[in-house]
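J.: Sequence:
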Amino acid sequence: MHIVMVRFRVKPDKVADFLRESIGDASGSVLTEPGCRRFDVIQANDDPTMVAFTEVYDNVAAFDDHKTRPHFSTWAKNTKDMLDGPAYVAECRPLFPQGRHAQNALGGGHVDPWSSYRPDAADHPHFRNAGLMVLWVPLPVKPERVNDFIQSALGDCVGSTREEPGCLRFDMYQDIKNPSELFFYEVYANPAAFDYHAKTPHIQKWRDTVKDWYARERTGVVRGKNIWPADNWNWSSGKPRF
1 MHIVMVRFRV KPDKVADFLR ESIGDASGSV LTEPGCRRFD VIQANDDPTM VAFTEVYDNV
61 AAFDDHKTRP HFSTWAKNTK DMLDGPAYVA ECRPLFPQGR HAQNALGGGH VDPWSSYRPD
121 AADHPHFRNA GLMVLWVPLP VKPERVNDFI QSALGDCVGS TREEPGCLRF DMYQDIKNPS
181 ELFFYEVYAN PAAFDYHAKT PHIQKWRDTV KDWYARERTG VVRGKNIWPA DNWNWSSGKP
241 RF
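Reminder that position 46 of the sequence shown reads as 46 in my numbering, one-by-one numbering, no gaps.
Calculated from the structure, these hints are not laboratory results. Careful, some of the hints might be misleading.
What the hints assert, rightly or not - Pairwise CB distance ranges (calculated):
| # | residue 1 | residue 2 | range |
| --- | --- | --- | --- |
| 1 | P48 | A215 | 28 to 34 Å |
| 2 | E217 | P34 | 23 to 29 Å |
| 3 | S27 | D47 | 23 to 29 Å |
| 4 | R145 | H124 | 43 to 49 Å |
| 5 | K199 | S236 | 37 to 43 Å |
| 6 | P34 | A121 | 15 to 21 Å |
| 7 | P48 | A192 | 37 to 43 Å |
| 8 | K142 | R93 | 15 to 21 Å |
By construction, the Cβ of each residue, glycine as well, lies at the ideal position given by its N, Cα and C atoms.
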């Protein structure tokens, strides 16, 4: 899988326009590109001008194909003057879950942890209320601690997806060009589920273990709501073993 993590600062008077254009690009990508598994659009709760994308493609070729599509060209043209500074873009590989079809931790068989589209999802305004709690989290790690950090964080990923009823996914990605830059991508059923997560033993253990392993202050976290897709699409990774 090839994952693209993107963050934008949008001009305050252009936020609504930017979100509308981004929904067009995201929906066009997931619904028409065979290699695009998901294209989530997130807006920060504490700062509406902060918007993030999490894009998942089958491979680099699928991402390259995305950039040739008319919905991408339209989005790029229409939003170029809406941004308040350059976008932050990181192309990543998945550390958790891994593979196109992850082994199911709760029994036999495999789960598809990536695809967001649900063809049978009801198309109703109630499900477009941005009811989820989503975290887009950059993790700058000291180079000499990257492997240790990953091993510790895997315990948090596994504990969150297996033990917490409200945690829909807890992905970890690694920047391909800058391997000491990691990301968490967390999705909770609602804000209360995130509060529940914050009190679990696995996150407490992880925090205590990695507290001195950051290369610099953690900034640029986008914590907020799902602008697209709707609440009733497939946000869950299942319960992958790896």
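J.: Looking back at the numbered hints, which does the structure fail to meet, lowest number first?
T.: 2, 5, 7
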